[in-house]
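Visitor: Protein chains in written order, with this note's numbering: chain A, 34 to 248; chain B, 2 to 220.
Simulated from the structure, these hints should not be mistaken for lab results. Predicted model, so just to flag it, every value in this text is computed and none were measured. Hints should not be assumed to be uniformly reliable.
Here are the simulated lysine to any residue pairs, SDA-like style, with alpha carbons at most 20 Å apart [as the list claims (entries may be wrong)]:
1) A:Lys153 - A:Pro218
2) A:Lys40 - B:Ala186
3) A:Lys40 - B:Lys110
4) A:Lys40 - B:Ala51
5) A:Lys40 - A:Arg247
6) A:Lys153 - A:Trp211
7) A:Lys153 - A:Gly139
8) A:Lys153 - B:Gln67
9) A:Lys153 - A:Arg247
10) A:Lys40 - B:Pro44
11) B:Lys110 - B:Gln67
12) A:Lys40 - B:Arg59
13) A:Lys153 - A:Leu92
14) A:Lys40 - B:Gln73
15) B:Lys110 - A:Leu242
16) B:Lys110 - A:Val190
17) B:Lys110 - B:Pro44
Stretch by stretch, here's where chain B covers chain A in the computed footprint (C-beta under 8 Å, at least three residues) [what the hints assert, rightly or not]:
18) 38-44
19) 48-54
20) 118-129
21) 185-192
22) 233-247
Glycine included, each C-beta is placed from N, C-alpha and C at the ideal position.
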Amino acid sequence: MLSSGLKDRVLHQIAQQPAPTRREVHRSTAILFGCGISGALVIFFLEGGVRVTGRPALLMALTSLGTALIAGVAMWILFTRGRSMLGRPRALLVWAPVLSAIGFLGWKYGISSLYGLTEKWPDRVGLRCLWLSVTLGALPLLAALLSWRRAASLTPVSTGAAFGAGAGLGSAVLVDLWCPVAYVPHLMLGHVLPIALLAALGGVLGTSLLRLRRP
Amino acid sequence: VRRGHRQLDNSRKFSIDGGDGPASLTADQAMTAYARGDNQVFPILYDLVAPRLEGYLRRRVHDQAQIEDLVQATFLKMHIARGHFIPGAEVVPWAFAIARGLMIDSSRKARREEPRDLDGEEDACAGFLSSSSPTGEQVVQAKETEARLSKVYQTVSEDQRQVVELVKNKGLSTSQAASVLGITALAVRLRIHRFYRTMRGALRDGDDFPKPPPAAKEP
């Protein structure tokens, strides 16, 4: 049986510590994500923005729409919790980015092969794409982690990793508009590896930023 | 031994005026209102959730002061995170999961194992006993069975006891228990299956208490 004074202590403690309501959390989340996405877009356009580089307009439209659709579905799974406060099943958080990355790679390569644009580009190994993808994804990842730092996350590592993978998929859509190369090793290094790197970064940051600690 | 899954009882209501009218709230509704900023419902939320939280913690923590400390910390976390609460979501499994996370954090900090509450385990075991009879012989038999099962209950692994307690005593679904414990729903079902196998073995074999089944790899 809990002591009678505990309720008073709890009420006193929460009165001392104001907590944001749902509306306030929505507002701060929107501001944080807005800043993160805006920052990523600024970097993207400073790096040259959308670059056609000899690609047919239809090819660009098809690859971009396909990758945006794949990334959008995965990001919805990875950034939201569904209807349970316990979060999505861990298996879903693992398989969503893996299958999305495979779908992403297959779509880009498949569509580009129809146009015969899958040959090797000797001067583009993929390191610039790697750097740009990680940079673009890091800002929304940071925004997601900061918006969740008071959310009493029950699975900080997998939540952080899911955010990282989601941010990586989002940045992959932008980088796809920037990079014309559809050579598979390049895509693996410059477009898919950043998703894994951001997921790992999210897991590490999630451990420190989201971990449930006793007050 | 009672079998089957029981739905989580979230229909327990609380009314400010003591009645069961439109003002009465379930724990989920109270948390939803609190997340919207209705601070008046927090005492109601406390009254609905605290006893269940205490029951959950009592199985694991020996010290009453520590239980109260964890209850207080759990409510504080729920308060701080209220803006992230999903309207209509179930609050009790969330509260259990927070309490469990805080317990783990405490044990990490303390770097020592928490003492097991044997009395609580015996109570929990008694919850699984369904034998009750008006005749003296049956009462004696039931007590013998209870004693036998109590002994066997203490031989099963802590993992199995945790799962059985969440699903059978607290009424969580397998998926909810899986989320609370950070394992898969299949692992929960496996642990329950192994628990029942051990208990059935104890009933079948009389005084020869079976050893717990070897731990197989879980998914």
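Visitor: Now tell me, hint by hint, if it's right for this structure.
Guide: Tested hints:
1. A:Lys153 - A:Pro218: Within the cut-off at roughly 9 Å; holds.
2. A:Lys40 - B:Ala186: Violated. A:Lys40 to B:Ala186 sits at ~34 Å, over the 20 Å cutoff.
3. A:Lys40 - B:Lys110: violated (26 Å)
4. A:Lys40 - B:Ala51: Measuring from Cα to Cα gives roughly 9 Å; hence the hint holds.
5. A:Lys40 - A:Arg247: holds (18 Å)
6. A:Lys153 - A:Trp211: Given that 20 Å is the threshold and the Cα spacing comes to 17 Å, the pair holds.
7. A:Lys153 - A:Gly139: holds (17 Å)
8. A:Lys153 - B:Gln67: Judged against 20 Å, a Cα distance of about 64 Å means the pair is violated.
9. A:Lys153 - A:Arg247: violated (54 Å)
10. A:Lys40 - B:Pro44: holds (8 Å)
11. B:Lys110 - B:Gln67: OK: B:Lys110 and B:Gln67 at ~14 Å, within 20 Å.
12. A:Lys40 - B:Arg59: The hint holds at about 17 Å.
13. A:Lys153 - A:Leu92: holds (18 Å)
14. A:Lys40 - B:Gln73: Since the Cα atoms of A:Lys40 and B:Gln73 sit roughly 8 Å apart, the hinted pair holds (cutoff 20 Å).
15. B:Lys110 - A:Leu242: It holds: about 17 Å lies between the C-alpha atoms, which stays within 20 Å.
16. B:Lys110 - A:Val190: With a Cα-Cα distance of about 19 Å, the restraint between B:Lys110 and A:Val190 holds, given a limit of 20 Å.
17. B:Lys110 - B:Pro44: Not OK: B:Lys110 and B:Pro44 at ~30 Å, beyond 20 Å, violated.
18. 38-44: holds (count 5)
19. 48-54: holds (count 4)
20. 118-129: holds (count 6)
21. 185-192: Since 3 is at least three, the answer is holds.
22. 233-247: Since three or more residues must qualify, the claim that chain B covers the region 233-247 of chain A holds, with 4 doing so at under 8 Å.
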